[in-house]
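Working from the sequences, and respecting the hints, build out all of it.
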Amino acid sequence: MSSVLDRRPPPSAGPRPVPPPRRTQVLALPEARWAVASLVLFLVALPLELLDAPVWTWGPLFAATYITGGWEPGWEGLKALRNRTLDVDLLMVVAALGAAAIGQVLDGALLIVIFATSGALEAVATARTADSVRGLLDLAPATAVRLLPGSGEETVSADSLRVGDTILVRPGERIGADGQVIAGVSDVDQATVTGEPLPAAKQPGDEVFAGTVNGAGALRVRVERDPADSVIARIVKMVEEASETKAPAQLFIEKIEQRYSIGMVIATLAVFAIPLTLGEDLRAALLRAMTFMIVASPCAVVLSTMPPLLSAIANAGRHGVLAKSAVVMERLGQVDAAALDKTGTLTEGTPYVVDIRPVPGSGLAENTLLALAAAAEHPSEHPLARAVVRAAHERGLTLAETTGFTSAPGAGVTATVDGHAIRVGSPARLTLTADADPVGGLVRELEDRGRTVVLVLRDGAPVGVLGLSDGLRPDAEATVAGLRRLTGRTPVLLTGDNERAARHLAAEVGITDVRAGLLPQDKAAAVQRWGAEGRRVLVVGDGVNDAPALAAAHTGVAMGGAGSDLALETADVVVVRDELATIPAVVDLSRRARRLVIQNLVIAGTFITGLVAWDLIGTLPLPLGVAGHEGSTVIVGLNGLRLLRERAWTKAVDRGAG
78 MSSVLDRRPP PSAGPRPVPP PRRTQVLALP EARWAVASLV LFLVALPLEL LDAPVWTWGP
138 LFAATYITGG WEPGWEGLKA LRNRTLDVDL LMVVAALGAA AIGQVLDGAL LIVIFATSGA
198 LEAVATARTA DSVRGLLDLA PATAVRLLPG SGEETVSADS LRVGDTILVR PGERIGADGQ
258 VIAGVSDVDQ ATVTGEPLPA AKQPGDEVFA GTVNGAGALR VRVERDPADS VIARIVKMVE
318 EASETKAPAQ LFIEKIEQRY SIGMVIATLA VFAIPLTLGE DLRAALLRAM TFMIVASPCA
378 VVLSTMPPLL SAIANAGRHG VLAKSAVVME RLGQVDAAAL DKTGTLTEGT PYVVDIRPVP
438 GSGLAENTLL ALAAAAEHPS EHPLARAVVR AAHERGLTLA ETTGFTSAPG AGVTATVDGH
498 AIRVGSPARL TLTADADPVG GLVRELEDRG RTVVLVLRDG APVGVLGLSD GLRPDAEATV
558 AGLRRLTGRT PVLLTGDNER AARHLAAEVG ITDVRAGLLP QDKAAAVQRW GAEGRRVLVV
618 GDGVNDAPAL AAAHTGVAMG GAGSDLALET ADVVVVRDEL ATIPAVVDLS RRARRLVIQN
678 LVIAGTFITG LVAWDLIGTL PLPLGVAGHE GSTVIVGLNG LRLLRERAWT KAVDRGAG
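Heads up: the sequence shown begins at 78 in my numbering, then just goes up one per residue.
Just so you know, not all the hints are guaranteed correct.
Derived pair list, reagent style SDA-like, types lysine to any residue, alpha-carbon separation capped at 20 Å [to be verified]:
#1 401 x 669
#2 156 x 111
#3 728 x 716
#4 401 x 613
Here are the computed distance ranges between Cβ atoms for each label pair [to be verified]:
#5 140 x 220: 20 to 28 Å
#6 497 x 517: 16 to 24 Å
#7 339 x 711: 24 to 32 Å
#8 107 x 585: 45 to 53 Å
#9 478 x 236: 46 to 54 Å
#10 305 x 562: 42 to 50 Å
The set of hints was computed from the structure by calculation and includes no laboratory data.
Glycine included, each C-beta is placed from N, C-alpha and C at the ideal position.
Rendered as structure tokens:
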């Protein structure tokens, strides 16, 4: 007679619903469509105008460029006026129209295209982040098997589970709710929640989380939290809240746009009205006002900010670091503290055999011990087993044939190798039936060094132990040192891994402040506390469990190699090639970009002040005003483009490394 653990739920009838698309398509966004249309029209009109083609060939195209690229920011600006605010987008549209009114059609169209493209990129970034937050909900299963009184069971929606229900989780399934194990033993992969690199052994009394993946054993779990309050649901909520409450992202120049915009409008009207009231000709007054609007427009000021930041973005991108916007690149240079995740960030996220210790008197050499363990572990799919087999292959060892393989969740494996009964697994479980005295010291020594230890028994007697560790990235120590020099503080380690392993790794890389055993909300809370104290925290992580902290940080950096979708979309910066050493380099590059921005603002301000004074005090010829305005724009643009050079990155790497 089969037990309830053996029965499978009947397949659901009817066709399966088609899941919604995971990512918003770029052209599905109206901002992107209008920006693309504006850019295409501009690129078609530009060569015609430059080649002195008849006006009727390029005039309508430029007009369409103004309409497609400018109507949306113009409309938003008009709506802002209803709320008694004046933003720079509306000012740019007015400046573009003013330029067209006095014959500078090309300049105005270029300004429109730049602003439309910027708005489209912002819309795409916002949509992709929302996609990732929604995708996180896919981690939690849609259904769960609820056990009924007696021996029955039913498949129900995971959302309908209530505290006190008992659910059955079969091997390989995702756990449907946060709860406590009441029966069964298994290994559970909970890296999405805690970041631990290895599956955690679970037995009655242990806590499990919704969305984590059950191993080879069957578990009965009593639901302890409502599905709406599960760890996964709280991660979604925290990411959304942190993104909403994060200080509005603004470039330096945007912080003064209100005063500048209002002042420029008032000044332009005054330049037009005062001479008119004093008897000046209408056309002359209008020409003076239009000249004033052109020379006083913030085009050069805006370009003072953008080229250095965009050049820094492009240079960093060539070296595997993706900063998602100019705002992000500016914020990177402001950080004064750093917090790093452990698994997948400072480490590679894959366990390796680093210690092979035969028991004295066992008569086994290191290679013989490793070969025995690898032969027994070969049929297993457990990450530790794969690490042991990989270590044997790297040493060129030949593995003997095995028979009678069995696996006990949370304990280890048993197999017959060369006529001997070999058991490999957790010392805490295997030593219950074995004399542990010969190996107790070895186990404690390796555990004190932060190793994950497996014990090898031959015919019931311990013959050796293997120590496994998550491989440290080769540039981890240099990265920690570089961030310490740049921020003036030693980075903090935030990890869901155990205290012993975390402190051992921290000591290797020079970190003294270790926060271990943290859930996602704990990491985010720590970052928020530092932010409340006035720190601008750089957070580096890779997993779903890091996403709330990345969202709450002043600047979040995700490791791109094995980073989760949510971490990659939530973060402001993605290290595409997983080269940690590029993080201090890009921080230094950002600081240099900020210095160039200040230089450019001084240059642009000097030109604007001089041209405006000339226009007000004397009579500034319109062509000379346009030439001066465009000349300042070219100068600040070329100055900002200096960061495109390879030498700029090399210097940043050198300074980041100290």
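How the hints compare with the structure:
{"no.": "1", "hint": "401 x 669", "in the structure": "holds, 18 Å"}
{"no.": "2", "hint": "156 x 111", "in the structure": "holds, 19 Å"}
{"no.": "3", "hint": "728 x 716", "in the structure": "holds, 17 Å"}
{"no.": "4", "hint": "401 x 613", "in the structure": "holds, 18 Å"}
{"no.": "5", "hint": "140 x 220: 20 to 28 Å", "in the structure": "violated, 57 Å"}
{"no.": "6", "hint": "497 x 517: 16 to 24 Å", "in the structure": "holds, 23 Å"}
{"no.": "7", "hint": "339 x 711: 24 to 32 Å", "in the structure": "holds, 28 Å"}
{"no.": "8", "hint": "107 x 585: 45 to 53 Å", "in the structure": "holds, 51 Å"}
{"no.": "9", "hint": "478 x 236: 46 to 54 Å", "in the structure": "holds, 49 Å"}
{"no.": "10", "hint": "305 x 562: 42 to 50 Å", "in the structure": "holds, 45 Å"}
Hint compliance for this structure: hint 5 alone is broken.
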